[in-house]
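S.K.: Sequence:
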Amino acid sequence: MDTKIQSQFIYIPIRGFNDQALKIDISSLPDSKELIEVLKAELAPLDLWLKLANEYYKQDRITDFIEVLKQVTDADLEQYYKDSKLDRIAMLNALASYYTQLGSQEKDKSRREEYFSNATFHFTKADRIDPHQPLTWIGKAVLLLTKGDYERAESNFKQVLDLAKSNNTLPVLPAKLGSACILFNQGNYIKALDTYQKVIQQNSNCLPSVRLGLGYCYFKLGRTKKAKEAFKRVLELDRDNVEAMIGLALVLMNENQIPEAMKLILSAYQLAPTNSIVLNHLANHYFFRGEYNKVNTLGVAAFNNTDVAHIKAESAYLIGRAFHATQRWQDAIQYYHQAVQKNPDLYLAQFGLGQIHIHNEDYDKAILCFEQVLSKQPNNYETLQILGSLYKHGSLYKSNVKSTTTTTSTTTTTNNNININNNNNLSNEIINKIKNVLKKATELNPNDSSNWFELGQVLESTEVSTALEAYEKGLNLLKKDGIVPSLEIQNNIAVLRHQKGLLVEAEQTYLDIIKQSGYQLNQFKSINITSTYNLARLYETMGQVNKAEELYKGIIKEHPNYYDCYLRLSCICKQQGDYYEAGEWIREVLDIQPDNQEAWALYGNLHLYKEEWYPAQKNFEQITENPDNKNETYASLSLGNIYYNAKFSNPDKVEKYILNAEQFYNRVLTKNPTNIYAANGIGMIIAEKGNLNLAGETFLQIREASMDCIPVSVNLAHIYVSKGLFDNAIKLYEGCLKKSTSPKEIETIIMYLAKVYFDANRFYDSKQTLKKAIHMYPHNLSIHFNLAISIEMQATIFLEKHQKNATETFNIIKELEFAQRLLTPLANTKSTPKLNFSPSKAKTHQTSIEKILVSLRTEHESIVKIEADLSKKREAAFEEVKRLEEEKRIRDLELKQQLEEKLEAERKLAFEEEEKTREELAKNNAAAAMIDDDYKDGEGGSTKKRKKNKKDQQQQDDDFDDQPAESKKKQKKEKKEKKEKKEKKEKKKKSKKVSGEGEEGADDNNDTEQQQEEMAEDGDHKEKKKKKKSKKDRKDKKDKKQKRKEKKQREKEEREGEEDDENEETENREEQDDDNTEKVDQEMQDAKEAEKQKEVEDFFGSENEM
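Quick note on the UniProt record's numbering: the sequence shown kicks off at 1 and runs consecutively.
Check each hint, because a few of them may be wrong.
[As the list claims (entries may be wrong)] Here are the simulated PhoX-like pairs of lysine-lysine, each with C-alpha atoms no more than 20 Å apart in a straight line:
hint	residue 1	residue 2
1	Lys723	Lys755
2	Lys610	Lys574
3	Lys365	Lys376
4	Lys70	Lys51
5	Lys500	Lys473
6	Lys58	Lys33
7	Lys70	Lys85
8	Lys232	Lys263
9	Lys107	Lys147
10	Lys772	Lys755
11	Lys804	Lys923
12	Lys618	Lys656
13	Lys755	Lys744
14	Lys23	Lys33
15	Lys198	Lys226
16	Lys107	Lys342
17	Lys198	Lys158
18	Lys226	Lys191
19	Lys82	Lys40
No lab work stands behind these hints: they were computed from the structure.
Note that the coordinates shown come from a computational prediction; the quantities given were computed from them, not determined experimentally.
Put together the whole structure using the sequences plus the hints.
M.R.: As structure tokens, then:
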């Protein structure tokens, strides 16, 4: 029979009796051992075992619950119930979930691990039965979530949710809740909120804990109103829900309702006195009340009552904070460290730890802590301010800067290979860090002047313009608030203006500072000593050396121990060439303070400048005896350079000197691996040993790191010269010349440039370079010697030239004579080790130049004679050409005159013919007019005949137009003659016709008289006839009028046609004249070109003869 639960009973079927069952009262369950025997004996279904185990659990009979479920692992039962896979899996999952719950609540670590191990064992057995069971996946995911393995837990939940898309019967709500919990812990509050909302929509009767997750998501997203509603709803469903009380208390704290929030915290504490979250909130409350002992007590309790890392971190932070407030620094550090270890994202613990490191002056550790805070809170203004100031105290900053004074550098020392400023620049890394932090601070609060001054102070050694801008912004903010800036800030602004080249503004700023102090400039008071010294440095830059000296001496008079003034006066004397006086000023410093390392450095530099190597060596060795001295690096580099240069003066000890130089360069690199000058020295040593490829690579790497380092570029150019890459070397030398400001360095580079031109056989460029150098450095005898050699080589090349002219030869001779004058004193100079040339070689070159001069002078005389002859021939040829041109000009004028006369005659003839044609046309028009009058008076002449005549005339005109222009005049003349003959004939016919009409008229009159007599006899007949005749007369008059009108129109058209003919003839004549003119011009041009070609041929013919 089926197992049924009726009311408070469970029925166990009796084996062998289908209609009988054993009734078990749920309210009074027997001991689990008795019940297990019954279940085994009756072989009860496994779902019944699970239901009875659940009843034990509900009654808090955990031991019985475990005993019942453990039977599923019995080998006999496993064999019997092997087909009941789902029931076996359900029992295993129930037992594993219970162990998971125990592990999550256990405080003892070993026990917790044991519970988790038991849970894992039972989930694994369930997997072996069916590895694709979703309930097992969910249970395993919950176990992983409890252990903090969010990634694997998320994977298991995702498997269930993906499978549920194709199977609606799967229990997806636990998977969704687990997924939402993971999303929340990962900080993805939006997705977590969406998941919680979907779960609530699918199951409105869900547990209050689901709405609890909803409230915390709202709280994390800043939607406090919704969060408050969710927490209140949880408390309505479960008024003792501690987590909801804590969440609602947090919301109230954010709304500044502290009393109400603390009431909830206290209520939660009463319900769960060991809840670590509640204890932490209470500890935080007592911290602000200054009750630090309670803070420690509650914090320790909270720390011990949880295994959740971030809750432990909060507890450790609160304990460390209490120790920090009571100045128990070591205890505070210990708990802050624990907080950071438990939760690296707890930036408040990092902040407190950084503050303690600052107190302990452990600035590097403090920087690391605040950088961690900034990575979590990039807009934290307090952290930005602290870091901006803190970087300047770190070891990275101190290793890159030797001095942080705001005055201009006192001693700038140079020699042939290095140029070192005692105030080394900060590395790009530290500068960028400080700059970015302080710029962010100024963006967050641009009205805080201290940030601008901090930024300006950091940038003043690297970005003068930006630093000055930052200082001036801070200065304007102070003025706006009516605050007078400190003299130090004003002094820094003046120095920056000096460095930027705003010399007048800098001078005025220094004078204003001294005036604000209430003293005069010439009083040299201590308060103004720095500004007065910097003003003197400014006067040096402005070229007002006398003013600078007065200020330095005035400072020394009032403040004898201000050593920088002595050193500056030494530098001024050195620049003026007074080396003795320069040395005296340095010795005065050493008399007062024998260990003054800057004085020793400057003294050594003075000896180097004078090429006194041994005294310079002793001076620098004095500095290197103190390794902590800030000038030790410069001294080591100088010693390295001294030993390197010593190999030139003592060839027997080259290897020893090279080894000593290498040791000093390595000594510098050991302390500062980024020192480019030491690396440059190592490159020189490598080249000296013959490894040019490695040396070249070394110099290239150094140059990439510092493009403005002139010694490195010069040495790289030397390598290119050695490899024969002259063009590359020339580019580098020329670039160095543009960058260099040191006169001695420029002199050396010019010599190198002239040498590479010489090696590249570009003797002209070498000569021109040395000519410039000799004007700049007239006392350098090496330039004289090298210039003479360059002139000699250029003359030698010129001597081999096949084609020469007198001017070039003369110039070469003059330059050779100049070279002789250069070599004469050099050849007579006594040979000394300091000479950079050999007097004997000067004599040899002098002799060689003399031979070249003799050869060139002889050749020059010959060339002058030949060129003189050629000049005479050219003059004769030129005169001949001029004569021919004059004759040609006269012929052209005559020819042109003849052509113009011919054209004038043709024009005159054409005009006469035109006048004659016009007269004939006028006569024809008159004759036509007479004919017209005759037609008007008489009826003679046939209209048909006139039409025929007109047609014939038109045909003739058309024929005339179609003929060529050359025969038109002749045809027209013939036409006019025919027309005249025809008119004469018509006149004769007309006269005959008129006489005949007169006779007919007389006959008509007789007839009229006869008719009148007849009409008189018959009046009626006469009247009719008269009317008929008057009608006929009117018709005739009308016809005659129309004929006259048509005739006039025809005559008009004929006249227009004749005028068109005349215009066409005129145009034809003009075109013919133009053609004739062009023809004449072309003939003249051809004649000129022919004569010119003939002259050129004659000239070159004479040249060939010469």
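S.K.: Could you work out which earlier hints the structure fails to respect and list their numbers in ascending sequence?
M.R.: 11
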